[in-house]
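Based on the sequences and whatever the hints tell you, model everything.
Protein chains in written order, with the numbering used here: chain P, 1 to 394; chain R, 1001 to 1353; chain X, 2001 to 2295.
Rather than coming from a laboratory, the hints here were simulated on the basis of the structure.
No farther apart than 30 Å at their CA atoms in a straight line, the calculated lysine-lysine pairs in the DSS-like style are these:
#: 1; chain 1: X; residue 1: Lys2132; chain 2: P; residue 2: Lys379
#: 2; chain 1: R; residue 1: Lys1086; chain 2: P; residue 2: Lys203
#: 3; chain 1: P; residue 1: Lys178; chain 2: X; residue 2: Lys2132
With the Cβ distance kept under 10 Å, some of the chain R side facing chain P (calculated, not the full set):
#: 4; residue: Ser1031
#: 5; residue: Tyr1034
#: 6; residue: Leu1040
#: 7; residue: Ile1149
#: 8; residue: Ser1161
#: 9; residue: Leu1162
#: 10; residue: Leu1241
#: 11; residue: Glu1285
#: 12; residue: Glu1291
Quick reminder that beta carbons are idealized off the backbone N, C-alpha and C, glycines included.
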Amino acid sequence: MLSIKRRRYVTIVALIVALSMLAVGCGGAADKGADSDKEPAADVIKIGVYEPLTGTNAAGGQMTVEGIKLANQLYPEVLGKKVELVVVDNKSEKQEAANAVERLISKEKVNVIIGSYGSSLSMAGGPVALDAKVPVIGCSPTNPAVTLDNDYYFRVCFIDPFQGTVMSNYATGTLGAKTAAIIQDVQQDYSVGLSSYFEKAFKATNGDASIVAKVNYNTGDKDFSAQLTEVKSKNPDVIFAPGNFLECGILVAKARELGITVPILGGDTWEAEEFLNQVTQYKDIYFSTHFTAEEPVTEVSTTFLDEFKKAYPDKEVNAFAALGFDTYILALDAMEKAGSADSVAIRDALAATKDFKGATGIITLDENGDATKTAVIKKVMDGKFVYEAKVDPK
Amino acid sequence: MDDRKNIKFILNIVLLLIIGIFLWWGQDNLSAFYIRILNLSAIFAILGISMNLVLGFTGMFSLGHSGFMCIGAYVAAILTMSPASKEIIYFMEPIVPVLAKVQWPILPAIIAAGIVAAIFGFLIGIPALRLRDDYLAIATLGFAEIIRIVVTNTISITNGSLGLKNIPSVKSLWVYWGIAIITIIILKKIINSNWGYAFKAIRDNEIAAEAMGVNIFSHKVLSFTIGAFFAGIAGALMAFLITSVDPTMFRFTFTFQILLIVVLGGMGSLTGSVISAVIITILMEVLRVVEQPFDLFGLLQIPGLPGMRMVIFAIGLLLVILFYRQGLMGTREFNWDYLLDKIHSFKKRGASM
Amino acid sequence: MDIFLQNVANSITLGSLYALIAIGYTMVYGIIRLINFAHADLLMVAAYIAFYGILIFTLPWYWAFILAIVLTTLLGVSIEKVAYRPLRNSPRISVLISAIGVSFLLQNVAIVVIGARPKPFPRPEQLVWNIKVGEISFLSLTILIPIITFILLILVMFIVKRTKMGIAMRAVSRDFETSSLMSVDVNKVISTTFVIGSALAGVGGIMWSMQYPQVDPLMGLFPGIKCFIAAVMGGIGSIPGAMIGGFVLGICEIMIVAFLPGLSGYRDAFAFVILILILLFRPGGILGESTVEKV
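Here you go:
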């Protein structure tokens, strides 16, 4: 008898707790709603940021946000108003990414949005922003489909076709490669896309038989010995292995441990401390990226590099922070050109971006909203990333 | 007693009307953000109750839900995308010609998504349901992962990891909640039918149920297939809500999120799953507050802590499973009889006074 | 031929790691019939403790490793006390959900406290160097890990087969209630099981992060599932079975990529296919015994 009574008592308590949580939640939401349903305070311009801060893409998202915050510290004002950053986490999940963008637009009333690391997350957020006519600037989503059919999505990074071709030309031209092997992460659109464009370009110059091996792995794998042994047995002149710095760091180090000495090539994701840490003692590792300290593409690159060192003295500069930095200053630039913080005006200003000087190079946005800009090739030498060459867009 | 029946019938109609009015009002007056959250909670409600049918009512610990969602989402996406966008999006490898020209309306595509997922559920159920408890859990988790990996690798059908985009967008509360309510009604009917009694008998004691003449295996497969059907439908709705899909959406960690809803709501209560689906989806947004940096009375700057939300949910899951295993509703359902009895006894008391 | 031998070396490395971690899984499962989802995250915890021990507290590597194993063991035992013991008489599904909850909690606490960015694990130079035999090259770990796995296997086998505690463990795994009637302290037996299991997770986590020198909050996910599969393949509950299962899985995974490189994208699916086939056709695994449930 007692136990039944107790159980009922507990049920009631639980219900009350749940309901009060809900009430508090709604209350909180309502409070916030009341605040933000008003027009944004006249002296503040809001920039929304949706990035993966937790989940599988968390590392990349956090690096990007560091860059954005750095830019915000340096340039806290535009049009005479203070810029407020609203950073929300999309948990590396698509439904969360769509929610996040919707939240930024209809609750926070942001004027422009920045994000997201990971093309699939950007593709989830894109349509929401398009419906609301709020422009989004992507930092590092390289999948060509992101800006497709979306007039409100822009990006400051170059896309897979350009980067793949650059690396192929570098492999054939400078490194004198006649054959190549590809190791790709089948779960990463970035890796698959880049590989396919590299393959196309490489085959076009060296013939159909020039790709001697193409092997796959999955995100999260740690053991690449079998794939690398397969590649080693085919004896290619170069290996192209674009992918996440998480897996690639281990992959490249393992390749060297297995005695593979040929050059290994990759994409811009490699410009990260996490990658460098794994491969410090090795050489002949090349990748395309956006900027360099030795040959600053623009004066903004120098500013960015100096300020980054000041703000994060114990961290290495990475490509994502630089791209995050650029999206922020590009957003500010567009607002200044538009002369207002109106979303549609910002979009038009963004679409007209030409020869914009960012930390990652001189950016011109084409009719799709994709950046055409100079690629930099770097290599790993003496435990550092070292400038190697510059490739201009045609 | 006939009176009671009539009253209940009327009450049901009134309830549906009220929900209808709310949806009609909400569609025009709520902001896009609230509509999106409500739509997402409808999807999670469908996922919750379909998993509850398998886990809470039939007692089978299946972790394969994300796999069936994946199938449903892809079927719906491929069937409804326009041929023009298929041509552009499949830029790595063209889509197989059979599917290139297909373009269905949305409702038939949703049903097709459910049916295809159900077929897979049936095919997977036949071998997998010979296992039970943790073996079943790990085998179904395995099947879900296999589905995802196959989807990632069959580029000419699914476009692989590049995912699909330009799926027609559906924003109407009516579609999501309409389908959720139909699902609730169908599952309620099933649970109160002979099938449902057999499911519960299997859950409570398999051997006793068999002795009573219940065909254990076929009922298990039946329950599993129905669960897969609705998971497929929820997957399709997810595709229309987000308008793009890719395989990484459907990792097995997604199933854990549904499990959270089922456990918190009460294993064995449809009402509980629906309520907890709505609460959790809303809390997920509300709790963003804990991840934002904030000032403590202007004295202390506390930086934002990404991941705090999930810590709270994990603790909630543990507390419920350790101290209050029935969850919100236990095996109880929302029930007019209960309310009517209350009113009745209240009236009586009033009359006697 | 060189290629084949290289693949054999690769298989041994991967297989012995799987085996090492699978033994811990099977220990726990054998006694209390629970898939300890949190086992995978104990690997992560051990790796982080060793990482911080070496880098922040500048301990010599062996002290850091011992500290990591001890703390991981403590954590494992307390998880059992808090999250599994209260549910001992409830349905198995509840305990499983509790295990999933603990795993979830550990991962997210790690994300909040440590951050999601991966960190490089410092390999002690005394333990790790490159060995080259003709065209074949591998790390010293390829020899070291199997040796450690084998020693631990013998040790665990000895405890289970020869000591009093081991007899009590086997009694508890056979029949819970009867053994408690025979004045076996069930709680103590289960705690001991978790001590051994978690210590093995500690060793496993350290070895794993020496082989793949990168630590991040979700690092346990992948070896966790793979090693559980290995334990099931070998016959879950059987300690030598876990070792065999680990090696078989490692060899299969390497060889499928070696001989069918076109299918390398399906490698992870392949592990699950083996798992399902084994569960269906030989539910006891390679060395396990099958049981029939009675009323």
